[in-house]
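Q: Sequence:
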Amino acid sequence: MRRSRRLLALVVAGVLVIAGAGWAVGSKLRSPADELASRKAPDPSPITAEVRRKKLVSTVTVNGELSYGSPTPLTLAGVVGGAPGIQRVTKAPRRGKLTEGELVMEVNGRPVVVLKGKEPMYRALTPGTSGKDVRQLQQALRRLGHAVPVTGVFDASTIAAVERWYGKLGYRAQEPDLAAKQQAQQLKQAVQSAEETLLTDRRALANGRDVLPLKLKLDNARQALAVAEGNLERAEEQQTTPEDETMLRDLERAVRSAEQAVLEAEAALAAGSTPALQLKLDNARRDLDDARDAVSSFLEQAAAARDKRLEELRAAVGAAQEAMVSAEQALRQARQLSPLARKVSNGRANLASARAILADYLKTYGVSVPAGEIVFLPDLPARLEKVIAQAGAVLADKAGTVTSSGYAVTGVVEDKEAALLRKGAKAVMETSDGRTFPARLTSIGKSVVLTPDASKALARLVGSQVTVRISVGATDGEVLTVPVAAIITGADGKARVRVQRSPGKVEEVEVRTGLAADGEVEVGGALDEGDLVVVGHG
553 MRRSRRLLAL VVAGVLVIAG AGWAVGSKLR SPADELASRK APDPSPITAE VRRKKLVSTV
613 TVNGELSYGS PTPLTLAGVV GGAPGIQRVT KAPRRGKLTE GELVMEVNGR PVVVLKGKEP
673 MYRALTPGTS GKDVRQLQQA LRRLGHAVPV TGVFDASTIA AVERWYGKLG YRAQEPDLAA
733 KQQAQQLKQA VQSAEETLLT DRRALANGRD VLPLKLKLDN ARQALAVAEG NLERAEEQQT
793 TPEDETMLRD LERAVRSAEQ AVLEAEAALA AGSTPALQLK LDNARRDLDD ARDAVSSFLE
853 QAAAARDKRL EELRAAVGAA QEAMVSAEQA LRQARQLSPL ARKVSNGRAN LASARAILAD
913 YLKTYGVSVP AGEIVFLPDL PARLEKVIAQ AGAVLADKAG TVTSSGYAVT GVVEDKEAAL
973 LRKGAKAVME TSDGRTFPAR LTSIGKSVVL TPDASKALAR LVGSQVTVRI SVGATDGEVL
1033 TVPVAAIITG ADGKARVRVQ RSPGKVEEVE VRTGLAADGE VEVGGALDEG DLVVVGHG
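If you read the sequence shown in our numbering, its first letter stands for residue 553, the second for the next number, and so on.
Since the hints were derived computationally from the structure, they do not count as laboratory data. From a predicted model like this one, the values you see are computed outputs, not experimental measurements. Positions of the beta carbon are idealized from the N, C-alpha and C atoms, including for glycine. There's no promise every hint is true.
[What the hints assert, rightly or not] Computed spacing ranges between beta-carbons, pair by pair: (1) P623 - E1060: 54 to 60 Å; (2) S619 - G986: 16 to 22 Å; (3) P625 - D1028: 45 to 51 Å; (4) S825 - E789: 51 to 57 Å; (5) E863 - A908: 53 to 59 Å; (6) E781 - E816: 52 to 58 Å; (7) I909 - R647: 19 to 25 Å.
Using the sequences and the hints given, assemble the complete structure.
A: Now the structure itself:
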């Protein structure tokens, strides 16, 4: 009986367990319609962001390597020393700072010096050379303490300053080499030889038999002219001849005798007047008149004779002059037709040419500055960043790379970003460890160049990667901002935001937009700091 009751209890208990399990399973089981209804998405809720007040700064980011700025190849404009040939490096350049007047390297034992100047060295500077490059050298010499006028001409004062400068560097200024000295000597000898040849030919032409009679005739004509001119000169100085003077004295004595006779006859007549005494006085007076007429007649004849004589002498001088001119022409024609005349003519031309060549050569002869011994750089101090030329090696086209003493970051930006950039814009350079340095945009082109402000800490960062953010716009101060995603544009083209005023209540507000930066945009309108604007739904 007990066993029956126990069995019944177990059965009841089993039924209860099975029934409970069935209820549990039944409660979990759903129809397809129930399952579809249970999976329906809930109503979306807005995602909001606060309206904040802050200063916006719009930037363009450039990634690049920090390096020294303005890399320029270090090349020599020509040979070092006076003569072309193998250019062997005898003292290699060293990396580091370059200052004006500093020795950069040695080639064939000659110096290569760096000076400040925008005009590149492109030729040797020799005596008489003029131009901007000479003026640039003179200005550099003055900065180095050597007094020299800035004339733009490589003159004696410039040469003296160059010699002092080279001496201070421990070298001698470049003087003409052996080949140049030999050339100068050869040109001088050519002039001397041409002079001697011309003199010999002239003597031969003057002493030639074909012209000797004509030369003698010319000498006689010259002598005849001298005699004629002497006779005329003496005749012009004399008013009367010695013979005329003797005759004139005799006539003047006759006049004085007649005058005395008149005086005596007048005295006798005064003592006692008689016809005989009167007749005697009349005769005496006639004799006096005749004597005086004889003197006057003689003087007129003497003057006429002198004029005639002078005319004859002048004619003789004219004839002598014509004879001399004729003799000169005859001699000249004979010399021109002589075979030696052509040699003399050619000799003159050869001498003129030799003298001109020597003069041109001497204009550039003397102390010079070879094209390869100066390197002009636009800005100093600079930095020799890379060295290629090595001691003992033959100098190649490039000896190294020169940079400015400042720093630079070079990078590339997209065209639309480049359109926002302006030279001189402020920027911030950030290193990989988070340090920042102020910088400026200094060049815009296919790539942009940024120059950090000078700082000793930058020297250790050369070669490292940095990020530079260039400021392209900023608000004047703190302004209201919202995320760019909050801005919606209506059909009327006006900007709006949706503001959540309370849970479940959203209001559209018209706004004015301004500068955008870092995903946010400046707004103005019926908004307050702390308002919630819709940026999406979730």
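Q: Does each hint fit the structure? Answer for all of them.
A: Going through the hints against the structure:
1. P623 - E1060: 54 to 60 Å: Hint holds: Cβ distance 57 Å, inside 54 to 60 Å.
2. S619 - G986: 16 to 22 Å: For S619 and G986 the Cβ distance comes to about 21 Å; the hint holds.
3. P625 - D1028: 45 to 51 Å: 46 Å, holds
4. S825 - E789: 51 to 57 Å: 54 Å, holds
5. E863 - A908: 53 to 59 Å: Taking Cβ atoms as reference, E863 and A908 lie about 54 Å apart, which means the hint holds.
6. E781 - E816: 52 to 58 Å: 54 Å, holds
7. I909 - R647: 19 to 25 Å: 48 Å, violated
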